[in-house]
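K.L.:
These are the residues of each chain, in order.
Protein chains: 4
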Amino acid sequence: MVGGGLTSFIGPVHRKAAGIDGEIELVCGAFSINPQESKETGQSLYLDPRRVYATYQEMFEKENALPADQRMDFVSVVTPNHVHFGPSKLALESGFHVLVEKPIAFSIEEAKELQKLVSKTGLLLGLTHTYTGYPLVKEARQIIKSGKIGKVRKVYVEYPQGWLSTLLEGAGNAQASWRTDPKQSGLGGAIGDIGTHAANLAEYVTGAKITEICAMLNAVVKGRMLDDDSSMLLKFSNGASGVLLATQVAAGEENNLNIRVYGEKGGIEWRQMEPNTLLLKWLDRPTEVIRAGQQYLSAEAKAFTRTPAGHPEGYLEAFANIYRAFTKAVRDYKPGKKINAAKYDFPDVEDGVRGMNFVKTAVKSAQSTRKWTTLK
Amino acid sequence: MVGGGLTSFIGPVHRKAAGIDGEIELVCGAFSINPQESKETGQSLYLDPRRVYATYQEMFEKENALPADQRMDFVSVVTPNHVHFGPSKLALESGFHVLVEKPIAFSIEEAKELQKLVSKTGLLLGLTHTYTGYPLVKEARQIIKSGKIGKVRKVYVEYPQGWLSTLLEGAGNAQASWRTDPKQSGLGGAIGDIGTHAANLAEYVTGAKITEICAMLNAVVKGRMLDDDSSMLLKFSNGASGVLLATQVAAGEENNLNIRVYGEKGGIEWRQMEPNTLLLKWLDRPTEVIRAGQQYLSAEAKAFTRTPAGHPEGYLEAFANIYRAFTKAVRDYKPGKKINAAKYDFPDVEDGVRGMNFVKTAVKSAQSTRKWTTLK
Amino acid sequence: MVGGGLTSFIGPVHRKAAGIDGEIELVCGAFSINPQESKETGQSLYLDPRRVYATYQEMFEKENALPADQRMDFVSVVTPNHVHFGPSKLALESGFHVLVEKPIAFSIEEAKELQKLVSKTGLLLGLTHTYTGYPLVKEARQIIKSGKIGKVRKVYVEYPQGWLSTLLEGAGNAQASWRTDPKQSGLGGAIGDIGTHAANLAEYVTGAKITEICAMLNAVVKGRMLDDDSSMLLKFSNGASGVLLATQVAAGEENNLNIRVYGEKGGIEWRQMEPNTLLLKWLDRPTEVIRAGQQYLSAEAKAFTRTPAGHPEGYLEAFANIYRAFTKAVRDYKPGKKINAAKYDFPDVEDGVRGMNFVKTAVKSAQSTRKWTTLK
Amino acid sequence: MVGGGLTSFIGPVHRKAAGIDGEIELVCGAFSINPQESKETGQSLYLDPRRVYATYQEMFEKENALPADQRMDFVSVVTPNHVHFGPSKLALESGFHVLVEKPIAFSIEEAKELQKLVSKTGLLLGLTHTYTGYPLVKEARQIIKSGKIGKVRKVYVEYPQGWLSTLLEGAGNAQASWRTDPKQSGLGGAIGDIGTHAANLAEYVTGAKITEICAMLNAVVKGRMLDDDSSMLLKFSNGASGVLLATQVAAGEENNLNIRVYGEKGGIEWRQMEPNTLLLKWLDRPTEVIRAGQQYLSAEAKAFTRTPAGHPEGYLEAFANIYRAFTKAVRDYKPGKKINAAKYDFPDVEDGVRGMNFVKTAVKSAQSTRKWTTLK
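Chains as they are written, first to last, in the numbering used here: chain B, 1 to 376; chain S, 1 to 376; chain A, 1 to 376; chain R, 1 to 376.
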């Protein structure tokens with residue numbers, strides 16, 4: 001693991017998620033740019049002190065020096081956005097598969113460089129777009145793919161949060177500080193932090209691509225350097241249209257990612273905060289309440305469920321699903337063999353590049369006086 | 001009553017709503033352009049056959065010939081959109097107050113003519129924007145007005161329906177036919193039929209005006225002559241921004257009007273389909289579930305409630321609230337006296353003009369390649 | 001109307017409910033034991049002062065003296081419990097149909113006397129067990145009757161309220177005072193006031209009868225003279241068993257009547273506070289969300305709906321359904337003709353007697369040390 | 001670990017839950033009475049084959065022979081009910097702490113023997129009453145303890161499931177078979193399997209003890225040997241009364257454990273299937289929606305939360321909370337030191353004995369014709 005020191009939010013999430021299925025053991029780490037913090041983090045995790053490294057460069061070098069059956073199998077990169085690229089690049093160059101926290105990099109250029117490197121090395125790169133890990137998101141995707149609700153017409157995807165309603169970054173909040181700093185977060189604030197999750201979810205569930213964007217981005221809180229609020233009209237590759245909103249100033253909202261998709265015959269609705277329920281609406285008969293863990297679910301959804309219906313699974317389990325799928329691919333990997341991320345169902349480098357492209361296009365659209373901007 | 005014959009949808013709604021409080025008695029009507037249908041409708045309503053008229057012109061004339069204490073007090077106009085203007089105009093010219101079904105007229109020009117006539121005659125013109133009649137909509141307005149949630153930043157208002165997901169107008173459905181016919185409905189389809197309700201609700205609740213619109217209108221169903229789907233980005237006079245969507249092709253949705261408003265310190269959420277609950281969200285403390293009929297409500301909300309908490313009120317009661325407020329104003333009316341609709345809390349001719357303006361501007365924006373179009 | 005003066009809660013409810021459909025006109029009343037209040041009430045309702053009476057005895061006498069086409073068609077009795085019997089009895093003896101507020105009388109003996117009188121005169125007696133007036137309650141009944149969910153096994157019916165959590169009757173609250181006074185309410189407090197609604201709903205929905213009761217009744221609030229809280233185990237005539245709870249000390253609950261019934265293959269769930277939704281659960285497929293106003297409903301439910309799906313109906317409309325059904329029967333009535341209340345679907349004298357029996361048996365069971373007491 | 005072989009339901013749940021926090025490593029096991037299955041289970045879990053044992057007797061013996069720093073720290077017993085006692089007893093006698101799946105034993109006598117053994121050895125025995133592991137259950141307990149809602153008056157606790165609506169045990173379902181077999185499950189069916197969870201939850205949340213029971217137990221499905229359905233009236237040590245229902249024939253219900261408690265001033269409501277929300281109701285102000293992960297929660301609830309508000313936690317996390325609390329106690333344990341389970345907040349041997357007592361008393365009450373049976 002690179003990053004994820006004692007004060008990290010996402011580091012422990014990765015570790016807990018990785019721990020659930022008993023398939024992954026954390027064996028080494030470079031947890032902080034502060035070697036002392038790295039050391040203490042390793043200690044708190046019961047790691048062999050020899051495998052707690054001061055830098056990721058050191059880690060890749062020394063792990064590579066270990067016998068193959070002791071060496072780490074892949075590396076998780078859980079640093080702030082602007083430090084995703086460096087360790088990911090070096091990991092691939094050093095021969096390690098990479099599971100990197102979203103976004104894949106700081107800029108579209110970096111993302112494309114990783115894309116080339118993946119293509120060149122044939123190694124695996126996974127991206128933790130957590131929310132597509134939920135079983136009922138997979139069920140929604142299957143329902144739409146099956147044609148049950150007919151051709152998709154409308155897509156409404158929302159990601160309202162409220163926690164940045166005040167200038168937290170001015171009050172010393174670490175999570176707020178790097179997220180609102182263009183030097184650490186990149187071009188986009190809310191649009192990059194959570195808008196990309198919404199866009200990724202919309203494309204994953206519908207199987208279509210966003211092709212045109214008409215965006216409004218705002219820095220609502222005085223003094224903020226990046227957007228904390230976004231809304232946009234969308235057109236999709238399959239002829240559908242829609243709305244995406246991602247905001248961090250919806251005071252009182254927690255983490256209310258949700259999606260509604262309507263086709264000719266019906267629609268689906270899913271809300272991350274109650275992730276074990278999926279509504280399937282029909283034009284002329286009663287709405288059905290699809291529930292996680294039920295026998296009637298598709299094989300694709302069932303494969304990512306751990307408990308029977310009525311025993312709720314949550315965010316960590318969705319996260320664990322990304323880890324499990326990625327791990328399975330790592331196990332199946334052989335040099336020269338082409339691994340199809342879609343088959344294993346984990347987000348990969350293409351999703352990473354797409355996400356960076358989405359942010360860039362949304363920012364461009366927001367600055368334009370023209371209604372529509374194309375997303376390639 | 002003008003319109004509201006045996007096959008009408010909205011006519012009986014008006015009559016039932018008017019009947020709830022025992023303050024209004026239907027005494028006469030010209031219920032249809034078909035005199036026979038008008039006659040039969042009158043019969044079914046136990047009216048004196050002498051006061052069931054063949055035309056509204058006849059009605060205004062003959063009612064005016066009656067002694068003041070027998071003559072009707074005001075007239076309800078519940079005809080299709082393109083027949084709102086004629087009877088409303090003649091009623092005002094004939095000295096009758098008018099309660100007209102929304103939209104006020106077929107075009108902005110007609111609306112402005114009515115506005116002038118109201119100004120000239122001093123008579124009352126009310127508009128049945130039903131949804132602002134709900135007590136908890138009034139509570140939401142009071143909460144925002146009071147400053148409890150701070151300065152308003154975001155407004156999300158939605159009106160998804162699904163009933164026009166197929167080409168019903170091609171299948172002989174009367175309700176669908178006039179609503180999708182530009183000759184009967186005017187410039188806008190969904191945007192006129194339900195988008196205006198959404199815009200009116202947003203302005204009513206926030207107390208702010210929509211100033212700029214960036215709209216996408218679609219005729220999603222093949223063969224449809226008017227838009228059946230709309231979404232737009234909004235800017236408001238108070239600096240807030242937002243999203244409005246109004247669609248009739250969200251298959252599986254019934255009549256799911258809803259609004260969310262976020263300020264600096266919290267937000268409100270209200271859904272028409274569960275109208276007796278209003279969520280009041282806070283940045284740093286638990287969401288409160290405000291309920292109709294409770295003692296803790298504002299006087300403004302209480303004044304429009306008929307039953308104690310837990311005894312649900314619905315659409316007809318909201319409708320009746322418009323009638324009751326309008327009737328109260330009619331009672332207080334004296335020639336020469338200025339009646340303030342806002343004080344009685346019913347939508348009036350200004351709301352009517354504003355609605356027509358909204359539709360016109362949305363259609364103009366949809367046709368433009370520029371992002372923003374100003375709404376005056 | 002007998003009772004329903006200016007300070008009455010249920011009187012205006014009856015009047016509003018009766019007014020919705022334009023089928024009923026209030027023509028006369030004896031609104032209070034205080035002739036002055038009766039007079040003022042009549043005035044506020046725009047009644048002919050000659051038909052506002054000082055006593056119900058006077059009303060029956062004078063109305064009978066009017067020509068048949070002017071005379072009232074039936075009488076609503078909306079007085080406190082201990083004054084249901086007197087006017088109902090005299091009305092029947094005077095040749096008037098009666099719609100009486102629940103409970104039918106003060107004691108089982110009175111109830112049986114009315115039963116005999118109904119049988120003897122052939123006149124109609126309806127009872128406003130409001131909650132069975134909701135269209136989705138009728139749908140639930142039809143679903144169970146149809147056998148869709150198989151043989152009924154379990155019935156859970158609840159009626160929690162919180163408003164009597166303090167000694168309101170000691171603080172001058174009129175509604176609380178008569179309800180907690182054995183001289184005005186009879187044997188039962190909560191069990192009579194709301195428990196009877198719950199029992200009636202359970203029997204109506206399942207089509208089965210409660211045959212055995214094991215009850216616990218409590219006067220939870222110190223100083224209260226009647227039970228304010230009840231819970232009981234039940235056995236039903238069809239072999240099902242269940243639980244009924246009715247309490248007025250569930251602080252924070254409004255009027256949360258609800259019922260769940262489970263059969264061999266599925267179950268239904270309905271909640272009065274969101275009455276336009278009915279859940280239909282299945283053993284092996286997704287729960288269906290049945291909605292009022294939808295095309296797919298049974299004829300029995302549709303017949304009691306006024307607005308399309310998504311336009312919520314509430315308590316007054318449910319109440320109006322009882323009035324409408326009763327009025328229809330009154331219209332069809334001819335001396336000597338046997339009217340079947342079940343066909344018109346309104347609660348009648350049998351339900352009234354059964355309710356009194358239920359209260360008596362519950363009280364008896366509560367006082368017994370034996371587990372089960374038979375309800376005949 | 002004892003039990004939890006390849007076909008086990010609860011074994012993997014224990015392992016996943018134990019894995020989340022990175023504090024526990026599975027080092028050895030006797031996973032099945034079938035040594036081959038035990039071996040294969042160990043293999044699938046990447047265990048050292050030398051520490052995969054054929055019997056639990058062998059495991060305790062051989063682990064004890066290992067140096068203290070290699071030997072297992074405690075043992076999880078996850079066998080069917082009738083095999084809880086044996087391994088738990090031997091583990092304690094062999095000097096190992098025990099975390100045993102609920103119920104603690106097959107009979108009250110066995111439970112009391114374990115109680116004595118715990119008392120004698122001073123070792124720790126934890127019980128996985130999972131549902132009290134949810135953070136908002138702890139919050140509910142704190143709210144009540146704090147006196148916020150006043151003296152507790154009513155307790156309604158329910159545990160409806162539907163999965164045993166048919167004779168699954170006759171169709172070869174392993175989970176159904178042992179649960180409905182008196183030889184493997186003991187005196188109670190549903191009452192033992194899930195009723196004990198409900199009773200434990202009620203006592204945990206209220207801090208009061210059930211003192212009297214009036215129970216009805218049914219074997220609803222023909223051919224079933226144990227009760228699959230129960231309901232009972234309850235009295236509590238603090239003067240409150242209530243209702244408990246636990247059924248496995250509520251067709252269409254998943255795992256709908258829920259509790260409502262009402263005091264003089266308000267009430268709480270919690271539902272296991274949406275465990276991140278807790279309703280706090282008030283007599284005279286709006287209901288508050290308490291949410292997991294929020295800053296305003298009590299320290300007791302926060303201590304058992306892993307993710308920020310809006311990132312749902314579920315069943316495995318609740319389970320992990322029991323493991324984490326128990327592990328913490330194991331770490332703090334020193335021979336001769338008295339460990340207070342309540343301080344660490346995990347269910348212990350007292351809860352185990354109480355659960356057995358509850359089942360025994362409920363069965364006794366069900367067989368009695370007297371209304372009340374005392375629970376000591």
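It cannot be assumed that every hint is accurate.
Chain R stretches covered by chain A per the calculated footprint, using a threshold of three residues with CB under 8 Å from any CB of chain A [what the hints assert, rightly or not]: (1) 29-37; (2) 175-184; (3) 242-253; (4) 262-269.
Calculated lysine-lysine pairs in the BS3-like style (CA-CA distance at most 27 Å, straight line) [unchecked claim]: (5) B:K222 <-> S:K265; (6) A:K364 <-> R:K364; (7) B:K338 <-> B:K302; (8) A:K265 <-> B:K302.
Just a few of them, taken from the derived set where beta-carbon distance is under 7 Å, the chain R residues facing chain S [unchecked claim]: (9) S107; (10) E109; (11) V118; (12) K120; (13) P286; (14) I290; (15) Y296.
Rather than coming from a laboratory, the hints here were simulated on the basis of the structure. Remember, predicted model here, so these are calculated numbers, not experimental data. Every residue, glycine too, gets a C-beta built ideally from N, C-alpha and C.
K.L.:
Could you run down the list of hints and mark each one as holding or not?
P.N.:
Verification of the hints:
1. 29-37: The restraint on the segment 29-37 of chain R is violated, since only 0 of its residues have a Cβ under 8 Å from chain A and three are required.
2. 175-184: Answer violated; 0 residues pass the 8 Å Cβ test.
3. 242-253: holds (count 9)
4. 262-269: Contact hint for the segment 262-269 of chain R vs chain A: holds, 6 residues under 8 Å.
5. B:K222 <-> S:K265: Status holds; Cα separation ~14 Å.
6. A:K364 <-> R:K364: holds, 24 Å
7. B:K338 <-> B:K302: holds, 26 Å
8. A:K265 <-> B:K302: holds, 23 Å
9. S107: Violated - the Cβ of R:S107 stays beyond 7 Å from chain S, reaching only about 45 Å at its closest.
10. E109: violated, 47 Å
11. V118: It is violated, given that the least Cβ distance between R:V118 and chain S is near 40 Å, above 7 Å.
12. K120: This hint is violated: R:K120 lies away from chain S, its Cβ roughly 47 Å from the closest one there, beyond 7 Å.
13. P286: holds, 4 Å
14. I290: holds, 5 Å
15. Y296: holds, 6 Å
Consistency with the previously given hints fails for numbers 1, 2, 9, 10, 11 and 12, ordered from lowest to highest.
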